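Given these sequences and hints, build the entire structure.
If you're matching them up, the sequences are chains A and B in order.
Numbering that gives the first Met the number 0 applies: residue 0 is where the first sequence begins, and numbers increase by one.
Numbering that gives the first Met the number 0 applies: residue 0 is where the second sequence begins, and numbers increase by one.
If you're looking for bench data, these hints aren't it; they were derived computationally from the structure.
You may find that some hints are simply not true.
Unchecked claim - In silico BS3-like pairs for lysine-lysine, Cα to Cα no more than 30 Å straight-line:
#1 7(A) with 200(B)
#2 322(B) with 418(B)
#3 250(B) with 152(A)
#4 145(B) with 162(A)
#5 87(B) with 250(B)
If you're wondering where the values come from, they're calculated on a predicted model, not measured in any experiment.
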Amino acid sequence: MELSEQIKNMIYEMKEQFLSDEALLIPLLRAIQEEKGYISFNTMKDAALFLNLPLKRVREVATFYTMFNKTPVGKVHLQICSNISCWLRGADHLVHCAEKRLGIKLGETTFDKHFTLSSVECLAACGTAPVMQVNSSELTIHEEYYEELTESKLIELIDKWAKKLNELNELKQREK
Amino acid sequence: MGEEVKRVKRIKAEGKVVMDYSILTKFIYEKDSHTIDFYREKSSGYKALSKVLTMNPETIIDEVKKSNLRGRGGAGFPTGIKWSLRSKDNRPKYLVCNGDEGEPGTFKDRLLLSRLPHNLIEGMIIAAYALSTHIGYVYLRGEFAKEYRVLEAAIKEAYAARFLGKDILGSSFSFDLYLYRGAGAYICGEETGLLNSLEGKSGRPRIKPPYPAQFGVFGMPTCVNNVETFAVVPWIIREGAEAFANIGTEKSGGSRLFSVSGHITHPGVYELPLTVTLRELIDKCGGVRDGKKLKAVIPGGASSAILTHQEIDVAMDFDSLVKAGTMAGSGAVIVLDETVCIVEAASIILKFFEHESCGQCSQCREGSHWLARIFHRIERGEGTTSDLNLIPEICSNMAGQTICAFADAVTGPALSAIKKFKKEFEEHVFLKGCPFKINNGPNPNGEKELSNVF
Ligand SMILES: Cc1cc2nc3c(=O)[nH]c(=O)nc-3n(C[C@H](O)[C@H](O)[C@H](O)COP(=O)(O)O)c2cc1C
Ligand code: SF4
Ligand code: FES
Numbered sequence: 000m001e002l003s004e005q006i007k008n009m010i011y012e013m014k015e016q017f018l019s020d021e022a023l024l025i026p027l028l029r030a031i032q033e034e035k036g037y038i039s040f041n042t043m044k045d046a047a048l049f050l051n052l053p054l055k056r057v058r059e060v061a062t063f064y065t066m067f068n069k070t071p072v073g074k075v076h077l078q079i080c081s082n083i084s085c086w087l088r089g090a091d092h093l094v095h096c097a098e099k100r101l102g103i104k105l106g107e108t109t110f111d112k113h114f115t116l117s118s119v120e121c122l123a124a125c126g127t128a129p130v131m132q133v134n135s136s137e138l139t140i141h142e143e144y145y146e147e148l149t150e151s152k153l154i155e156l157i158d159k160w161a162k163k164l165n166e167l168n169e170l171k172q173r174e175k
Numbered sequence: 000m001g002e003e004v005k006r007v008k009r010i011k012a013e014g015k016v017v018m019d020y021s022i023l024t025k026f027i028y029e030k031d032s033h034t035i036d037f038y039r040e041k042s043s044g045y046k047a048l049s050k051v052l053t054m055n056p057e058t059i060i061d062e063v064k065k066s067n068l069r070g071r072g073g074a075g076f077p078t079g080i081k082w083s084l085r086s087k088d089n090r091p092k093y094l095v096c097n098g099d100e101g102e103p104g105t106f107k108d109r110l111l112l113s114r115l116p117h118n119l120i121e122g123m124i125i126a127a128y129a130l131s132t133h134i135g136y137v138y139l140r141g142e143f144a145k146e147y148r149v150l151e152a153a154i155k156e157a158y159a160a161r162f163l164g165k166d167i168l169g170s171s172f173s174f175d176l177y178l179y180r181g182a183g184a185y186i187c188g189e190e191t192g193l194l195n196s197l198e199g200k201s202g203r204p205r206i207k208p209p210y211p212a213q214f215g216v217f218g219m220p221t222c223v224n225n226v227e228t229f230a231v232v233p234w235i236i237r238e239g240a241e242a243f244a245n246i247g248t249e250k251s252g253g254s255r256l257f258s259v260s261g262h263i264t265h266p267g268v269y270e271l272p273l274t275v276t277l278r279e280l281i282d283k284c285g286g287v288r289d290g291k292k293l294k295a296v297i298p299g300g301a302s303s304a305i306l307t308h309q310e311i312d313v314a315m316d317f318d319s320l321v322k323a324g325t326m327a328g329s330g331a332v333i334v335l336d337e338t339v340c341i342v343e344a345a346s347i348i349l350k351f352f353e354h355e356s357c358g359q360c361s362q363c364r365e366g367s368h369w370l371a372r373i374f375h376r377i378e379r380g381e382g383t384t385s386d387l388n389l390i391p392e393i394c395s396n397m398a399g400q401t402i403c404a405f406a407d408a409v410t411g412p413a414l415s416a417i418k419k420f421k422k423e424f425e426e427h428v429f430l431k432g433c434p435f436k437i438n439n440g441p442n443p444n445g446e447k448e449l450s451n452v453f
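Laid out in structure tokens, this is it:
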């Protein structure tokens, strides 16, 4: 059993909210992803065991929802909205800029596994388009929105996070 | 510059939304508007709740009926009627708030959740009392993290003040409110998809009937309403149904939050009476950005049919927009200026629908896939004349044939784009490319120059 005590306790506490324990599956998968960054096949097994559900059900749900990463993503996951209002305000240009800065294409992860660049659908922030959502367990950024994004703001953010990740890496090296 | 535009500019500069008929937006940008103290002191918060707890549930439902409030989530169903259809047996009943806000162009629920969570909570408690419900959920889309934290704190405050929990304000009525977070799927905004998601399943819509009022979450009677719908209820109870009805048209009461985005000078959330016309609304938002000319408007979110710049003298209430061949939807107004290629814009919307179709009806799964491919093909200059005929044909196989209204929603933008901008599609086919790109970027005179091609 790989699930952390913290996750288990959180799920136990939620039990009284629902008529059926099945409803705990999505909160559980969310918690796993928040902790580990993605949901591996093995953690799906743990989740199935924990909630007493068929593994198939867990896999089905994990693949249905787009926010669940089934494979590891970079330490910083950049998700640029590519839907209509953001597109009207230059989202595709931002994607190009990010691609160039990171040296990868949309949907890819950098060689050092620091950044993944994705495009996502409307984030309900179209009035402050273009918008990017960022996730990073490493830098404790949870579903943070960056709005009214410009090319220079985007590059600044990427450089800032790259620097932070490098510093963290160095720190880890030294601790070893 | 008109006085109104100047005023809008000033308010915008101060970082506030326009307040014309401010049922919801009066205090929305004030510091601490999300706290219970602010809500109680400044906007008579929870006064409606105290009033309601002495009333007969039937009377409350009648008030809501009289107010002509129509659901703000998309379909515009009369809220009072929905509530009166509640199941009267003694199974446990559930109340669910639809906070999945996923319709491209819509961002008003996010504003309400982060700035006025107590309006929503009070509205839900009132609805729960009227419907004899003791458990409620707010289903938030998975991406809303800040909104989740704000709402979580607000619910704690409401429990501490005894507005939630056992024996609310000393009455014998109890109501518990929980938060549930989705994980990224547009189709979970459809109410039965949402209920499946709430049960921990994939968010695929259910076949109706049975309707949620009889067979909802966990198989129990359930009432689902949008965030904004719940949030205006306290005002209706406090100020009276008539006052609310008076602001709107004969059949739809009140003001509504419009999410205005795209090529508009001042994007944002605007609260306006339903009698406002699309032209007035665009003017109030400062007109088209950078002094450009208007080309088209998507008046009710990505699912609604596109209107051309000549069709904007239409009132923004539910019925007028249906008459104009489109729909009010979620109140999301997306403005497109003359530099936009309609084929490309429609292609982006259709790509979205292809991605979000839940796939259980073949007409929808295949139809949205093919539409997205055909639009993309035409945009890239690889389309043929027969493609142009294929589009309406595919659409006619989709509309009204499926489990949920998603398939109909797909045909809205697809059909209106090809019907109203046929020439632009033909140009793509004949030029074997996008005229807006061939001319090296957006060309405001593109239309004129290109007509010489024929
Ligand atoms: C494809 C689709 C997506 C929808 N998305 C939403 C949504 O994001 N938010 C919402 O409140 N309603 C959405 N709806 C409408 C809901 O099904 C439902 O009608 C609404 O939540 C009822 O609340 P109301 O009566 O207060 O509007 C959607 C409907 C469809 C068919
Ligand atoms: S119409 Fe489309 S989205 Fe709706 S249930 Fe059928 S396949 Fe799913
Ligand atoms: S279109 Fe990008 S946030 Fe809505």
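How the hints compare with the structure:
1. 7(A) with 200(B): Status holds; Cα separation ~20 Å.
2. 322(B) with 418(B): 17 Å, holds
3. 250(B) with 152(A): 47 Å, violated
4. 145(B) with 162(A): It holds: about 26 Å lies between the C-alpha atoms, which stays within 30 Å.
5. 87(B) with 250(B): 27 Å, holds
In terms of the numbered hints stated before, the structure departs from hint 3 and from no other.
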